[in-house]
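J.: Given next are the chains, with one letter for each unit.
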Amino acid sequence: MQSKLMTHMIAGYPDRETSLAVARAFIEGGSSFLEIQFPFSDGTADGPFIQEACDKALKAGFSVNMGFKLVSEIAALSDVPVFIMTYANIIFAAGVKDFLSRCKESGASGIIIPDLPPDSDEKLYAEGKALGLHVVPVIAPSITDTRLKEVFNQCGEYIYASLRKGITGQYTEIGEENLEFLKKAAGLGAKVLAGFGISTAEQVATLAPHVHASIIGTAFIKEIKKCIDNGKKDDIYIILYNKIKALLKA
Amino acid sequence: MKPYYNNFFGEFGGRYVAEVLRPSLDELEKAYVDAINDKSFLEEYRSLCSDFIGRPTPLLYAENSTKALGGARIYIKMEGLANTGAHKINNAIGQGLLAKRMGKTRIIAETGAGQHGVATASVCAKLGFKCRVYMGEVDIKRQHPNVFWMELFGAEVAPVKSGTATLKDAVNEALRDWAWSFQDTHYLLGSALGPSPYPDMVREFQSVIGKETQEQVKELGLDVAAMVACVGGGSNSIGFFYPFLGKDKPDLFGVEAGGLSSQAGDHATRMDGIGKPGIVQGYKSIFLSDDDGQVIPTHSVSAGLDYAGIGPQLAHLGKTGRIRFEKAMDSEVLEAVRFFAENEGIIFALESAHAGAQAIKLAKKYSRDKAIIVNMSGRGDKDLFILARELDKDNWFSFLKKEINENAK
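The listed protein sequences correspond, in order, to chains P and F. Going by my numbering, the first sequence opens with residue 36, and the numbers climb by one from there. Going by my numbering, the second sequence opens with residue 338, and the numbers climb by one from there.
Just so you know, nobody snuck in bad clues.
Derived DEER-like restraints, expressed as beta-carbon distance ranges:
(1) Arg383/F x Asp154/P: 35 to 41 Å
(2) Glu140/P x Lys463/F: 55 to 61 Å
(3) Glu488/F x Asp264/P: 31 to 37 Å
(4) Arg675/F x Asp264/P: 46 to 52 Å
(5) Arg59/P x Leu489/F: 54 to 60 Å
(6) Arg661/F x Lys164/P: 38 to 44 Å
Hints are computed from structural coordinates only; laboratory data are not their basis. Ideal Cβ positions, reconstructed from N, Cα and C, are used throughout, including at glycine.
Let the sequences and hints guide you as you build the complete structure.
T.: In structure tokens form, the structure reads like this:
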């Protein structure tokens with residue numbers, strides 16, 4: 036089965052120009068979906084690498100305005116759908132409806148806000164639907180069957196399944212338990228995007244029959260960080276491009 | 338069953354958490370409501386309150402201060418005499434018992450000044466839990482004595498380097514830990530904030546302060562005009578005010594950290610018009626944040642008030658006007674510590690001295706037959722290094738130098 040990827044990046048990390056190069060590498064390397072995270076000062080689902088990258092992007096002057104500008108430039112590059120990921124306070128500060136309108140205007144296809152779950156969502160799901168945006172809930176294996184149905188009833192096409200408990204970044208073993216969970220989610224008819232701790236081609240290949248796409252984030256951030264630490268920012272494009280090719284190969 | 342559990346206080350509160358934490362909060366809510374309605378649980382709580390914490394804490398007539406200020410009679414609720422030096426232990430022991438009931442074996446906590454960390458570490462030693470306390474690196478540096486106590490109790494103190502390396506970052510780190518560890522771990526949150534049921538639960542365990550005060554006032558036949566408490570996240574103030582919230586009187590004053598100035602980054606006053614409604618760390622309340630919704634850095638001489646958010650019930654009561662919010666500047670706070678030390682022979686914690694400073698300002702506004710009660714939520718032993726540097730720099734530094742020269746060989 037053909038593997039598909041949703042590739043994650045942080046808007047403004049390490050800076051605006053390089054963010055564009057990252058997006059181009061993702062698109063040209065063969066990514067099927069882009070997840071662009073708007074940094075938040077207090078993102079509680081972020082693992083250490085994403086936290087550090089968000090801190091750096093904020094210090095380098097990331098603003099929500101810059102984020103939307105970047106998204107519109109990236110969305111115009113190709114037909115690869117773009118999803119904006121951020122936290123509740125960023126969307127709440129702007130006003131949920133206004134923020135979603137700006138998502139739409141910028142050409143994004145959907146939005147992912149882990150701390151606005153269905154029923155504590157400040158009308159995110161209803162407003163998103165009204166605008167024709169995918170609002171993608173983030174679920175975890177600990178979810179009960181009743182709650183899973185509740186969540187699915189609120190959401191549209193996609194579900195973001197974190198493959199284990201905890202935060203982003205650390206390696207996830209793919210086995211009976213998380214495959215069972217993915218089956219349950221897919222059984223409801225959702226297109227399952229699955230991530231948290233995916234970094235190898237083997238993992239992507241194992242997941243492929245069970246998911247719509249595998250999500251990879253921290254693995255790319257680590258590569259970007261390595262380039263920056265070695266003073267080789269110009270290599271970021273080619274390294275990420277090759278990495279995606281390699282991830283899709285197995 | 339008593340309706341102990343409020344998901345929202347007006348527009349504030351709620352449970353805005355990632356799905357991964359939802360089952361743990363559901364489980365906690367259930368266990369909490371069950372326990373708080375169970376006589377045997379309450380009896381065990383009360384017995385530890387008296388034997389382990391040392392309750393009731395006294396209500397002291399601050400006679401010399403009253404004379405010096407020349408106005409209403411000043412009374413001090415001596416929470417700082419509780420075991421481990423602050424009110425934090427009232428909640429720590431309550432949640433500790435609850436964690437035991439839930440079959441948890443490990444406890445995690447965040448701490449700012451270290452008072453909640455020390456209380457949690459002490460309770461974990463007493464009740465037999467593994468304990469890990471997250472503390473910002475900035476706070477570890479300025480409240481080192483408390484780090485030492487936590488470690489002596491057998492707790493592991495985990496330094497937090499992310500963000501501003503203070504209280505809010507310690508909360509983030511504890512939430513991240515809990516997202517992994519919830520099966521065997523209870524997150525013993527120390528303030529009346531965070532996702533429900535924490536604001537309710539913490540207030541309930543802290544309401545012992547207000548209930549005792551109410552009885553003591555009755556016994557002494559006081560005519561109380563005002564009650565004053567400092568407000569960081571707000572656990573001491575909401576517990577102290579709780580029995581009086583449904584009445585018009587007395588006047589209730591919450592005192593925030595005015596810090597160095599009213600410039601962004603110099604203070605932690607969320608309730609004087611600068612703070613904005615927001616959703617951070619699982620709850621909706623008033624936060625110091627910029628137009629994009631990024632939480633902005635705070636400052637206070639007291640690590641415990643150095644926090645960008647405020648408990649949702651307090652935010653609501655500020656909005657309705659039942660609680661009036663004031664601020665005390667760092668300099669006024671140090672002056673208040675000195676004033677009560679010289680006049681009453683007691684040392685306020687820097688946090689609680691914000692309330693002391695407000696009482697000094699208020700004394701003359703009420704007549705002599707009225708009483709003002711200040712909650713001294715903690716005592717100032719932990720602040721030795723800060724106070725000595727601020728109030729007696731030269732002697733203190735020469736002592737430290739001598740100590741190192743003579744003993745560090």
